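Chains as they are written, first to last, in our numbering: chain A, 1 to 105; chain B, 1001 to 1205; chain C, 2001 to 2595.
FYI, nobody ran anything at the bench for these hints, they're computed from the structure.
Possibly wrong hints are sitting among the right ones.
[Claimed, not checked] Restraint-style ranges between C-beta atoms, simulated for each label pair:
| no. | chain 1 | residue 1 | chain 2 | residue 2 | range |
| --- | --- | --- | --- | --- | --- |
| 1 | B | Arg1061 | C | Tyr2329 | 49 to 55 Å |
| 2 | B | Tyr1161 | C | Phe2162 | 56 to 62 Å |
| 3 | A | Lys38 | B | Gly1056 | 22 to 28 Å |
| 4 | C | Ser2220 | B | Thr1006 | 31 to 37 Å |
| 5 | C | Tyr2175 | B | Gly1146 | 22 to 28 Å |
| 6 | C | Lys2141 | B | Gly1146 | 55 to 61 Å |
Note that the coordinates shown come from a computational prediction; the quantities given were computed from them, not determined experimentally.
Here a beta-carbon is modelled for each residue, glycine too, at the ideal position from N, C-alpha and C.
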Amino acid sequence: MAELHSPEEIRKHVRVYMMVFGSLAVLTIVTVSVGYLKLPIVPAMIVALFIACVKGGLVGSYFMHLITEKKLIFWLLIASAVFLFIMLTLFIWAHNSQEGGYLVS
Amino acid sequence: MDIPYTVEARPDTGVNNAKLGIWLFLASEIMLFGGLFSAYIFLRIGAPEWPGMMAGHMYGRASEVLSVPLATLNTFILIGSSVTIVMAWASLMMNRFDKYRLFMGATILLAFGFLIIKGIEYTSKFSHGLFPSESNFLGIYFVLTGLHAVHVIGGIIINSYFLGPGTKLWKTNPKYFTNRIEVAGLYWHFVDIVWIFLFPTIYLL
Amino acid sequence: MTYGTEREMTDSVSGGDESVHDVHRYHEEPFWRKYIFATDHKMIGIQYALTALFFLLTGFTFMMLMRWQLAYPGQPIPLIGWLFSDDTMPGGVMVPEFYNQLGAMHGTIMVFLGVVPLAVGAFGNYIVPLQIGAPDMAFPKLNMASYWVYFCGGVVMLASFFVPAGAAKAGWTSYPPLANIETMGQTMWLIGMMFLITSSLLGAVNFLTTIIQLRAPGMSYFRMPFFVWAQFVTAFLLLLAFPPLEAAAFLQLADRLIGTSFFMPSGLVVSGQVLDIAGGGSPLLWQHLFWFLAHPEVYVLILPAMGIVAEIIANNTRKPLWGYKLMVYSLLFLGAMSFIVWAHHMFITGMGTTMGAFFQVTTMIISIPSVIILSGLFLSLWGASMRFTTPMLFALAFLPMFGIGGLTGLPLGLAPTDIPLHDTMYVIGHFHYIVAPGTILALFAGIYYWYPKVTGRKLNDFWGRIHFWGTFICMNGIFMPMFIQGLAGVSRRLYDGGATYDFAANVVQYNELMSIFAWVLALAQIPFFINFFLSIKKGKEVDDNPWKATTLEWTATPTPPLPHVNFETVPTVYRGPYEYSVPDSDSDFTPQNQP
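With the hints as extra help, turn the sequences into a complete structure.
Have a look at this one:
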């Protein structure tokens, strides 16, 4: 992969990195500002996690080069994302089926 | 007969061994932090108030207990260090070893900055009697940020190695060395991503 | 899947003359590099094997001591009772605390220090690179680190017997709140577990990278031997299921050492006093995190065993494995499903009926691929003219034993029947049938099968048969009565084996019988150990391929294999793994690397 890049391409990459850095900074400010709005918990959670996912996606796609990565890596990440999702949802479900939660019911 | 594909990518998988190895490791790290996040959610939905009672005070929001400005500053520091490490790699790709040292050094300094601010946060909590045993909110805060800080320390050790003794490889096999920096970078970006999720979930929600 | 041309791949794999040069270079390694901090996967495999066999024997010894207490409650242990301190066995009589320590550590040692390291660390390390035509594991230094981290974990676990109040007593599952208020041994247990988890994770990364990256030219995924597939899925389970337990171990350590309450509910009363803690935690959280690992862990215990048995059955029936592809798909499905069945261990925790129904359904579904694999192995026997070699005897015995273990598990996967059976001896019988007469017989089969590969000499067949029949009969003698006791309602982990309970009066006498079988089982291992160590020098020498097998570890490298490089030239694979008795062929086996 990497060996195919010419210095010219790398310079192009560097410009992209700077743009990503700018977007991450802006999104961080947005997250914090939304935090000061003191929204109720559910919308606050949706906004915060949505922004976090976008930021994580930017870091993953550009800094970690996922955008040009091979299929193999994707399968691996999809597998762990699926199992993580299963763990999270079943934990919440299990909790609520046992005693009834306060946050999500 | 040497081990194949340590430097070159295997044609059918398109990656070299180290890159696949680090991604596998990161997949397990996703499950490690994911397990802790699941525990956090499990405890939180079972709690009548969050953050709740701590050191004799009742708190309605995490931001009343924790310092959002310091954490915001730390977010910028960590994002910045992600940029510097990817620049360190790009410098090697452009054959500019001098710039590589500069950017790698900056990455390590930023990581130390992150830890210092974390240390300030911790000491101010302790001085107010806010210990992990006070409540599950503080417990999960200290465990999650503490485990993250351990990962930052691990990153500092790895990156320092590649700034110091590890550079010998650059002279003998520059491509191998560049690959290693890419792999170290992948780990460091992952540490950054964990923080990107930790910051809103713990400090803001 | 696309492949580079063969030529291109061969070129990047080896440097022709260089490899010969390497062989000579590796001969000059000093002792500590060759035997202690070894990076050669074969030496690491042997290190794992010897350490794991030691721990299997240790765990078995613990059980033999406990079986005396179960058979003759309150009577002093003859002959060796005086060896123990007054804290553990005053006058040779085991105290309940020591019984609990032995019980907890028996489980921990057998699972995490015995069976898994032997099945994955030893067999996986030694055999997988040879079977896929790789010069070594992908990361040899990491491989060495895995072994030594495992070793440290083992030392910590054994050392925990010598801390104040002894080793962990809360069972191998370490349920809080009991585990949280335990003595120091529990902290040692958690630290030891962290070592073992780290070791497994490093190993899993290494195995997956090796299998994906280092396959020889022509070794496509569907030409890999079933054993390699089993190790592949196992490594994947270890990689993704172990981290949540590591997270749980962090949390329990925090609870124990810095006073958090992750697993401690509010207002918990211990010894008549309300604990001074913040509270608000949930003991069920531990159970979820623990079983999220520990159910996949069950498959980590059984899949490598299935892989070993598949190799031996194909080789000794001189037939291709029946339904190889179907078995591989079943394996993958089994691996994925194993992540969503864990709460069937928790039916009595008061979960809702919908939730219970979900986990019952997934549990019934996961039994299907297991049955497919077992049926595939049985059908492979159909119409074969079998060679009843010693490894084949063990492999054949595995099939019905795993069958009993699996089928007795079904009532435990359904909530209505699980509720009365939960935590009874029935459960103990069930999972021991899977792991002891199941996995351990398969591991013995693997030892008899690959011993010639490692040493160049065969284990003695006569003593092997004595070992087999002794082990097979005794294991059934130990575990079959457990079903009867469990159905009568006798709980597990009872210090007196149920002697004080009226309802157990009709079944409690089986304890003595089971104990005698356990001790005879120990006697049956003596021929094995003598055979094992004596044959290194005295066994019958064999040629390169004594079993007339098709897979690369026998056909492409001398016996025993070359140090480090494994193969003089990189083998090229032309065919599937089990081409036995191909019609119109000169011999009854066609090696994978034969054009």
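Right, here's what the structure says about each hint:
no., hint, result
1, B:Arg1061 / C:Tyr2329: 49 to 55 Å, "holds (51 Å)"
2, B:Tyr1161 / C:Phe2162: 56 to 62 Å, "violated (37 Å)"
3, A:Lys38 / B:Gly1056: 22 to 28 Å, "holds (24 Å)"
4, C:Ser2220 / B:Thr1006: 31 to 37 Å, "violated (22 Å)"
5, C:Tyr2175 / B:Gly1146: 22 to 28 Å, "holds (25 Å)"
6, C:Lys2141 / B:Gly1146: 55 to 61 Å, "violated (28 Å)"
The structure fails to meet hints 2, 4, 6 from the earlier list, while all remaining hints are met.
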